[in-house]
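Visitor: Listed below are the residues making up each chain.
4 protein chains.
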Amino acid sequence: MRFGVIGAGRIGKIHAANIAARGDCEVRFVADVDEAAAAALARATGGAVGSVDEAVGAAEIDAVAICAPTDLHADLIEKAARAGKAIFCEKPIDLDAARIRRCLEVVKETGAALMVGFNRRFDPNFATLKARLAAGAIGEAEIVSITSRDPAPPPLSYVARSGGLFRDMMIHDFDMARFLLDEEPVAVAAMGSALVDPAIGEAGDVDTAAVILETKSGRIAQISNSRRASYGYDQRIEAHGAKGMIRAGNVRETTVEFAGPQGLVADRIQHFFLERYAAAYRAELDAFVTASRAGQKPRPDGEDGLKASLLADAAHLSWRTGRRVALA
Amino acid sequence: MRFGVIGAGRIGKIHAANIAARGDCEVRFVADVDEAAAAALARATGGAVGSVDEAVGAAEIDAVAICAPTDLHADLIEKAARAGKAIFCEKPIDLDAARIRRCLEVVKETGAALMVGFNRRFDPNFATLKARLAAGAIGEAEIVSITSRDPAPPPLSYVARSGGLFRDMMIHDFDMARFLLDEEPVAVAAMGSALVDPAIGEAGDVDTAAVILETKSGRIAQISNSRRASYGYDQRIEAHGAKGMIRAGNVRETTVEFAGPQGLVADRIQHFFLERYAAAYRAELDAFVTASRAGQKPRPDGEDGLKASLLADAAHLSWRTGRRVALA
Amino acid sequence: MRFGVIGAGRIGKIHAANIAARGDCEVRFVADVDEAAAAALARATGGAVGSVDEAVGAAEIDAVAICAPTDLHADLIEKAARAGKAIFCEKPIDLDAARIRRCLEVVKETGAALMVGFNRRFDPNFATLKARLAAGAIGEAEIVSITSRDPAPPPLSYVARSGGLFRDMMIHDFDMARFLLDEEPVAVAAMGSALVDPAIGEAGDVDTAAVILETKSGRIAQISNSRRASYGYDQRIEAHGAKGMIRAGNVRETTVEFAGPQGLVADRIQHFFLERYAAAYRAELDAFVTASRAGQKPRPDGEDGLKASLLADAAHLSWRTGRRVALA
Amino acid sequence: MRFGVIGAGRIGKIHAANIAARGDCEVRFVADVDEAAAAALARATGGAVGSVDEAVGAAEIDAVAICAPTDLHADLIEKAARAGKAIFCEKPIDLDAARIRRCLEVVKETGAALMVGFNRRFDPNFATLKARLAAGAIGEAEIVSITSRDPAPPPLSYVARSGGLFRDMMIHDFDMARFLLDEEPVAVAAMGSALVDPAIGEAGDVDTAAVILETKSGRIAQISNSRRASYGYDQRIEAHGAKGMIRAGNVRETTVEFAGPQGLVADRIQHFFLERYAAAYRAELDAFVTASRAGQKPRPDGEDGLKASLLADAAHLSWRTGRRVALA
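Residue numbers (the working numbering), protein chains in the order written: chain W, 293 to 620; chain Z, 293 to 620; chain R, 293 to 620; chain U, 293 to 620.
Accuracy of the hints is not assured; some may be wrong.
For chains that are exact copies, the list does not tell them apart, and a pair is met inside one copy or across any two.
[To be verified] Each computed EDC-like pair below joins lysine to aspartate or glutamate, with the alpha-carbon atoms no more than 20 angstroms apart:
1. Lys508 <-> Glu476
2. Lys383 <-> Glu545
3. Lys535 <-> Glu549
4. Lys508 <-> Glu432
5. Lys535 <-> Glu346
6. Lys508 <-> Asp489
7. Lys599 <-> Glu567
8. Lys535 <-> Asp489
9. Lys589 <-> Asp363
10. Lys508 <-> Glu595
11. Lys535 <-> Asp442
Calculated from the structure, these hints are not laboratory results.
Given these sequences and hints, build the entire structure.
Guide: This is the structure:
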């Protein structure tokens, strides 16, 4: 498959490198308003610098990887859908649910295959947990507990345009909760505060938050977020059911342990998402390529993107209003 | 110290045995409406069967251990307070907050020393976690996560008169959250459902629940409860702050591990509270005796009992109404 | 059972306290050349100070606990055996195998029940490992690996009269190897050196040593000893067989773990034998009492004591001569 | 660097794929008596089938990767050395120490750079352990304990020509012991038996073995090998010193854990060397390329290969004769 890659930033580089490393895919065009960045990434991956129109619509392109800023996602998806390309788009589709819905209308009309980049579904640890859940290891998941903590908060400039922690950071956890609960949440209660950096609070956002979700049949998910963890990128999931509990933890850099007077010290966990989810990004791409080749719609799809965004909106509203929010 | 023990059931037996095992305490009277039970426990601990009046008020008694059914607690506390005894009472003081408040008035008037049996504060693992928190190991606790799961639900008859999961089971976790947050919660959001046994739902209660608490300064506690865990008595705490994360986990029966084709199998965790909290009950008694001897008020005290009950009431209300509940 | 306790030192105190704490046993006499020590221990355990003759031979005594210095063990065993008492003796019976053999002759002639204090067999972790081995968890144990490290070396004065590391410290591991292999070793190869303290080497002993044992059918045990471990009392066992591997590790003081920039720090292990083997000493006493009451010979017995000593002698010889030593 | 690869079997495939995956290296020739295997590997890695002479000596070749059967190693090393190529050779150089010595003479005369494939030095876990040791984490390593167990024994035909467990399997552990002890062993004691498969014993070999090594200053290494482990490829190292203990354990397939009635089950370990040492093979190649480019001699070198072989010979002799064997 020949890809057009839109966006040569941090996440664009990851996807482009993974595309280039596959024997069966190639990066044809890289587009970015920062031409130097586009040129460097094109050079590194064997592609050419192209315009957005080329990267999204050129005849020789089979698939588009949208790694541009969020506010361009929906437009680019529509453009690529109309051009008949397979579409991989980073999360979220848009910060506005109404805009997402209109975009998905276009996707539907054109019959385009759209995959949204909830990479954590493809982490080998979480994917194995999901597979064992699906195989009945614990029975139905009654309580799903998700902990996500970043090593350090993003720049304030990023926070300001991020849509807030619930839409920017916790959206991954909403997708994971839906993925594991196998049933749509119908109620959301959120609490949050700015404990890491008061400036985040002054910017109208939180850096520390907890949410409970409940599904129609009464299954519960708990989510815990912090924008800061002294010990690295904390990414853990636990699911509890009638037959037992299953969990997937952090990945340590090595298996080395030191025993000294203070106790037994296990090695650090992988520091951030580039290390922790390196395998997940490759597996995600593989799922996209495999489904596209087979003429199937890849998952997570646009509906998954929309539903995670609706949960994020509901959590944001719950936090702002101090009320529990029901979902349609 | 010479104790009168009221109640010769499961918890009465624990406390009476611990009193009798100390060189500096003795069980003088055991009172129970079930005279055979009282006689057996008196025999086992070297005491005598007595009436409630004797056990609470006899001149030779220094301290009263109230292990009777909950609906008798407040009356017994008042009686013992008026008799000038040091009082240890199992949690909760009462299911009704107004009744607790009246009881605590009497305690205050009489100047009695009252300790409420939140035994988990004295678990060596949780007590060590608290001590390290207090020593600044992680900075302020920003997110406290508490997981409590019982191996199996109690009989329905017990459920019916228990006051509900939030008041009967999660009350321990409310006390622990207060203990670790070092600040009073001002808001409670609760969700719950009956997933373990529909009959529990029909009885108007839940068996699976999650709660979020928030303090004035924005610290958050998450609590997760289930009335059933196939793997034993699941009792875990985690606290997250600027400098790191600290947690205390379950206690395994042994350190034995088996490596076979399915992986590495660590031993079972201690099955239920009698095993897991055996040391906690002894340490709790020791704290009571030590404080009483020194003429100090032991903690957790009546106010701690009241505040945990108010949190339980608020969580119950939040669950019933689907609203977040503010605390005065 | 009424006990005469010989020796009011560190180990005598442990056994006497455990005897006194049982409802069905009592300390009747405590004998020690240090009369103040004897008096203190008698007072603490409710017994009386007695002469060695009283403690070993008085008509009212049922059992003798020999906690005196090693060079008195054999004489005291013989005396107690001739007096018709049940005998518990700390390891080793003697540093000289010939003396052990003569002593066991007397035990045999008199039909006395003699238990030797290889307390580690009764550690709940190791006892569970043994039980699972016996139940076939891994098939036959093909490789048994034993690690024993003390937190710090004993005083040089102790080293000088200890018989050497192989007879004083590793003897426990020889017993454990026999216990787990279920077959007698027929060959021993030992290496050792003084790395912890050169003065130990100058005293003709080692503080760091490794041994391999082989049984007739080719099963192997590895033993590793050091007189020093910065992280506490390191006591681990592993057994490997056709169906898997089973191991028992150190016991941590609590389950508390701290995650910070350096990694995940589990709590310290129990510092030394008083903590680590507290439960083992109680279970050992229980086995002695139970067997004695039932008129059965308790294990480990005199033969076990002899065989461990023969292994220690062989290891010592192997170390001194640089040869592998065969056992008859 | 342009490589000639000799041998298109299992290990040849690993190295050729790693060479081909690097941007700065290429597979130029693949030579194998099995022409179909050579052709397949050449095709997969972008090289051409060549004769041994071409792969070792063609002018366009910079480096030779010797992955042929052991009995060809020494001849090929000499040939490549005389052709002035950088040489990577799988372990061992030869089963006969005299032959190794003659080969190393040629290497010395020609000034060739020779690296021997002790891949475990490059495992990220073991390399980190070594780095921390070198940084003084535990002080000097006083006791090094190495456990190596294969999931299943090789075919008997392989066993017959392998030189025996000590030279074929444990040679890796001898290299690791030297690597970690930082001092040459001067004495070896070995025991071994055929417990996994009697046919291995009938073929004059062992499948279960333990060895102790001692260095001049008294440091000790313990090695434990089995040709079978029901739980996968068991590869563990532990080092003990004055300041503590450091160890590196097995790598689990995922971090998933399941808690059920039998306990807490951690995931399987990586099954065999292809998975466990995938990163090590890449790092080994990188070290070879980096050193060769810098005009430096890579390590482990021919002397390392010789010394590990001499230890293997000594262990084999110790096992056969029942004597401890001294090394010059």
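Visitor: Evaluate each hint against the coordinates.
Guide: Tested hints:
For the identical chains of this complex, Lys508 and Glu476 are intra-copy neighbours only, at 7 angstroms inside a copy versus 32 angstroms across copies, given an alpha-carbon limit of 20 angstroms. In this homomeric assembly, Lys383 and Glu545 never come within 20 angstroms of each other (Cα to Cα): the closest approach is 27 angstroms inside a single copy and 28 angstroms across copies. In the homo-oligomer, the alpha carbons of Lys535 and Glu549 lie at most 20 angstroms apart only across protomers (14 angstroms), although the nearest pairing inside one protomer, at 32 angstroms, exceeds that limit. In the homo-oligomer, the alpha carbons of Lys508 and Glu432 lie at most 20 angstroms apart inside one protomer (14 angstroms), although the nearest pairing across protomers, at 37 angstroms, exceeds that limit.
Proximity of Lys535 and Glu346 under a CA criterion of 20 angstroms is satisfied in neither setting, with 53 angstroms inside one chain copy and 48 angstroms between copies. Taking CA atoms no more than 20 angstroms apart as the test, Lys508 paired with Asp489 passes between copies only; the shortest distance there is 17 angstroms, against 36 angstroms inside one copy. Neither within a single protomer nor between protomers do Lys599 and Glu567 lie at most 20 angstroms apart by alpha-carbon distance, with minima of 28 angstroms and 38 angstroms respectively. For a Cα distance limit of 20 angstroms, the shortest separation of Lys535 from Asp489 across copies, 14 angstroms, qualifies, whereas the shortest one inside one copy, 41 angstroms, does not.
For the identical chains of this complex, Lys589 and Asp363 are neighbours neither inside a copy (24 angstroms) nor across copies (54 angstroms), given an alpha-carbon limit of 20 angstroms. Proximity of Lys508 to Glu595 under the C-alpha cut-off of 20 angstroms is restricted to the intra-copy arrangement: shortest distance 19 angstroms within a copy versus 38 angstroms between copies. Taking identical chains as interchangeable, the C-alpha atoms of Lys535 and Asp442 lie at most 20 angstroms apart only when they sit on different chains, with a minimum of 13 angstroms there against 32 angstroms within one chain.
Checked against the numbered hints above, the structure breaks hints 2, 5, 7 and 9 and satisfies the rest.
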